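There are 2 protein chains.
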Amino acid sequence: MDKKIQSEIRGLRDQCGVAYVGSVRGDGFPQVKAMLVAEHDDMKVHYFSTNLSSKRAAQFTENPKACVYYCHEREFRGALFTGTIEVCTDHDTKALIWHNGDEMYYPNGVDDEDYCVYKFTAETVNYYHGLSNETFPIEELLEQA
Amino acid sequence: MDKKIQSEIRGLRDQCGVAYVGSVRGDGFPQVKAMLVAEHDDMKVHYFSTNLSSKRAAQFTENPKACVYYCHEREFRGALFTGTIEVCTDHDTKALIWHNGDEMYYPNGVDDEDYCVYKFTAETVNYYHGLSNETFPIEELLEQA
Chain A
3 MDKKIQSEIR GLRDQCGVAY VGSVRGDGFP QVKAMLVAEH DDMKVHYFST
53 NLSSKRAAQF TENPKACVYY CHEREFRGAL FTGTIEVCTD HDTKALIWHN
103 GDEMYYPNGV DDEDYCVYKF TAETVNYYHG LSNETFPIEE LLEQA
Chain B
3 MDKKIQSEIR GLRDQCGVAY VGSVRGDGFP QVKAMLVAEH DDMKVHYFST
53 NLSSKRAAQF TENPKACVYY CHEREFRGAL FTGTIEVCTD HDTKALIWHN
103 GDEMYYPNGV DDEDYCVYKF TAETVNYYHG LSNETFPIEE LLEQA
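If you read the protein sequences in the order shown, they are chains A and B. If you're matching positions, the first sequence starts at 3 in my numbering and goes up one per residue. If you're matching positions, the second sequence starts at 3 in my numbering and goes up one per residue.
It is worth saying that the hints were derived from the structure and are not from the lab. Keep in mind that this is a model prediction, so the values were computed, not measured. Hints may be right or wrong, so weigh each one.
Same chains, same label: a pair holds when it works inside one copy or across any pair of copies.
Subject to a maximum C-alpha distance of 27 angstroms in a straight line, what follows is the list of computed DSS-like cross-link-like pairs (lysine-lysine) [said to hold, decoys possible]: (1) Lys-67 <-> Lys-6; (2) Lys-57 <-> Lys-5; (3) Lys-57 <-> Lys-6; (4) Lys-57 <-> Lys-67.
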């Protein structure tokens with residue numbers, strides 16, 4: 003992957019407040035929901051917070067196959083990460099993503115039983131811009147520029 | 003479905019220039035791409051134009067299970083339609099969606115062999131707004147207000 007594309011994908015992700023997270027339902031239908039972008043370890047691991055009681059958390063526990071899509075609508079640019087989601091309920095992962103104000107949704111704080119974290123680990127990234135459309139192993143995005 | 007929700011879903015869709023279209027790859031991973039919103043017969047049938055040579059068109063031919071998602075990021079509102087996509091290559095369907103200027107992408111016009119139309123037919127719609135989240139059979143959205 004050339005450095006220009008690396009930098010464009012990183013920039014695209016930094017601009018996005020929302021990611022579109024894809025899952026596969028038990029009956030094989032794809033599903034998409036917008037989720038707020040939260041912390042990430044690097045471009046390979048992305049975190050999202052949500053409620054454990056949701057249908058989607060149950061879907062990912064059953065079938066971890068997932069995608070995470072960052073998009074700049076007006077510029078027709080998008081980065082589609084494909085990989086798996088682990089539904090984390092341990093204190094340390096939950097504390098990593100917790101923000102002041104989240105008590106509004108989870109009154110018992112970090113250890114609220116309904117609060118959980120999706121840990122998404124990417125295997126590939128597809129980037130399209132203009133008429134170009136390429137897929138790379140995620141490791142190519144991690145190489146230092 | 004009450005009339006307020008009917009009207010909110012219709013309004014949301016009218017506002018969106020872009021829809022997020024979900025598919026399932028041959029190896030079972032979900033995929034999401036932004037597509038420009040085009041004509042629709044009603045809230046049950048939604049059309050999108052694309053190129054037949056794309057990987058995605060091949061995916062839908064193999065596995066028609068799909069979803070189409072319209073989202074208002076700032077208001078935390080979204081309508082997720084679940085159903086199937088038919089990849090149409092007949093003249094009449096292609097002419098329905100054709101716009102002046104599309105020659106930029108398909109130099110041979112409506113009958114360009116690489117131009118095709120996704121005809122998405124919804125079975126259900128899920129609507130979330132605030133903390134409310136409900137799924138309805140698509141017929142409930144078609145009833146006249």
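Going through the hints against the structure:
no. : hint              : result
1   : Lys-67 <-> Lys-6  : neither (29 angstroms within a copy, 35 angstroms between copies)
2   : Lys-57 <-> Lys-5  : between (39 angstroms within a copy, 26 angstroms between copies)
3   : Lys-57 <-> Lys-6  : between (39 angstroms within a copy, 25 angstroms between copies)
4   : Lys-57 <-> Lys-67 : both (15 angstroms within a copy, 19 angstroms between copies)
This entry does not satisfy hint 1, going by the numbered hints stated previously; all others are met.
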